[in-house]
Amino acid sequence: MDVNRIRADFEPLARERNGKPPIYFDNGCMTLRPRPVIDAMCAYYTQFPACGGAGRSHHWFAQETNERVEAARESIRRFVNAAHSDEILFTRNTTEGINLVARTFPFQKGDVILTTDKEHNSNLVPWQYLAARIGVEHRVVPVRPDNTFDLDALESALKDPRVKLAAFGHVSNLDGVEIPAQEIIRMCHARGVPVLLDGAQSVPHQRVDVQALGVDYLAFSLHKMCGPSGVGALYVRREHFARMDNFLVGGDTIRDTWVDRPPDFLPPPYKYEAGLQDYGGRIGAGAAVEYLERLDMRAIHEHEVALNRYLTQGLAQFEELEIIGPPEPEKRGSIVCFFTKKPGLGLLADMLDERSNIMVRSGMFCVNSWFNAHRISRNVTAVRVSLYMYNTLDECKVFLDTVREILAEPMFEGLPILPVREP
Amino acid sequence: MRGGTIGWAEMSDKTIIQKFREIFTGPSPYLGRLQGATVCADALACRGSKDHLYLYARIADERIEDVKFECGMCDPEMFVTADLLCRLIHGRRVSELAYVDWPAFSAALGFESDDMKAHFEGARRVLDALVEHHWAGKPCEF
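Sequences listed follow chains A and B, in order. Reminder that position 7 of the first sequence reads as 7 in the numbering used here, one-by-one numbering, no gaps. Position in the second sequence counted from 1, then plus 1000, gives you the numbering used here.
For the record, the hints were derived by calculation from the structure and aren't laboratory data. One or more hints might be untrue.
Label-pair ranges, simulated between beta-carbon atoms [stated by the list, open to error]:
#	chain 1	residue 1	chain 2	residue 2	range
1	A	R35	B	H1090	53 to 61 Å
2	B	G1026	A	E422	51 to 59 Å
3	B	R1125	A	D260	28 to 36 Å
4	A	P416	B	E1062	31 to 39 Å
5	A	N368	B	K1014	55 to 63 Å
Computed from a predicted structure; not experimentally measured. Glycine included, every Cβ here is placed at the ideal spot set by N, Cα and C.
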């Protein structure tokens, strides 16, 4: 993989501030976009900026819009190896995809939904909301002490016949740990339980084949994989559509309506894509997965792990920092998340940005429940480095050098190491 | 301490740094999570920053028997502010908390600055929320 050639496609990387280039390590939140994605979106707005959709305009520009949008859907289908393009629903993001499943799945009062205790809020709150609204039960499968998935705990949870859906983050946005999805799906299916994977942190970084996995639902966001913000996708295995309720309804979801009888809905995917859509964004999403298809997803993953290995070794020298998750970088993929245990390092992210244009994220990364459940002290701050294909070893060196420089400040002399967990 | 160059070497306010260090080297009795808290509150204490202040108190007979704080992604000023605020309210009756205002706070601090006033006002909002939660009987759920 030619990283320098790839970097040339991402114009923000050519910028400078204070004579230094940006070091973008916040890819877990949102990646940068390559020129072909920008061009594809610009083409829509400059060449054929018209309505799409099944029931709308049919003129020259509209036809071109529809063709490009459906081509994007087909590209996404191919990227995750879905069997049919109508199994790909466009959403705004992973959160909307999970909410779509939560609102359309035929739950009944007393049904049980399983998640782990390390889910992004997007795969936690919809189930808690559903529990409060219709009386389903949200039950947690706790992860092991090193944050890896506990298959024994799942086996135990699945003994309850009331379990109707298992919804797990495929790769954690907190620590990068991947769950054994194939085995989990096999175990769940053996009990007749369908599986939803939150693929927000997996699909952008590795080959995810929905047919090989046998997964029932897969939600992901294009803005984490070189695509525009505000565009996501939800894979639904075709057989599930028959049991799914409507989500948002209105324009573009119907074949026909009458004032005195119920509407005649379009088939999937259109019945789940209500209203005028972000056509430019969808076309950009198609360009994003086509861009990734031209690269080798395995090489991207290996590149990220190599950088992770370098960072992990470098961070190990600082007693003030503690990596979250298993020590092996191979188990954490593109994520290097760590606690800062010295007073004042809550501002480490700001300092990295100010000194070396290093953009990382700090806080709880929308996994507040994990921090609360583990009684993580508010006085220690977690910092997350999230890598992608355009990041380099040189950037990692600058990161470690800057961390070392900050920690060597006289201010820190004599200050204690804070406990990570409250008693 | 935010805005401009962020870095310890550039900090001009030695007093704040000294007080900040004392909170941890002491350590301050107000630093940490309060076991047995009867009420708590949290908020982003300063607009435009990430200072997230958590206050925990044990109130009995309308008196603050004990109080502690945690501060996520906070600058030294917020740590100093929160620590001093806890010191000022510890042992007071709830009805007296209204008197913990900027003049009282700055007098205890020993100096005045716009930056510290902004931090105090942010922390004061969290204290107001804590009192509201107390009146409402809202349990501490952290």
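A quick look at each hint next to the structure:
1. A:R35 x B:H1090: 53 to 61 Å: With Cβ atoms ~60 Å apart, the hint holds.
2. B:G1026 x A:E422: 51 to 59 Å: Violated, at about 18 Å.
3. B:R1125 x A:D260: 28 to 36 Å: 55 Å, violated
4. A:P416 x B:E1062: 31 to 39 Å: 35 Å, holds
5. A:N368 x B:K1014: 55 to 63 Å: 36 Å, violated
In this structure, the earlier hints numbered 2, 3 and 5 are contradicted, and the remaining ones agree with it.
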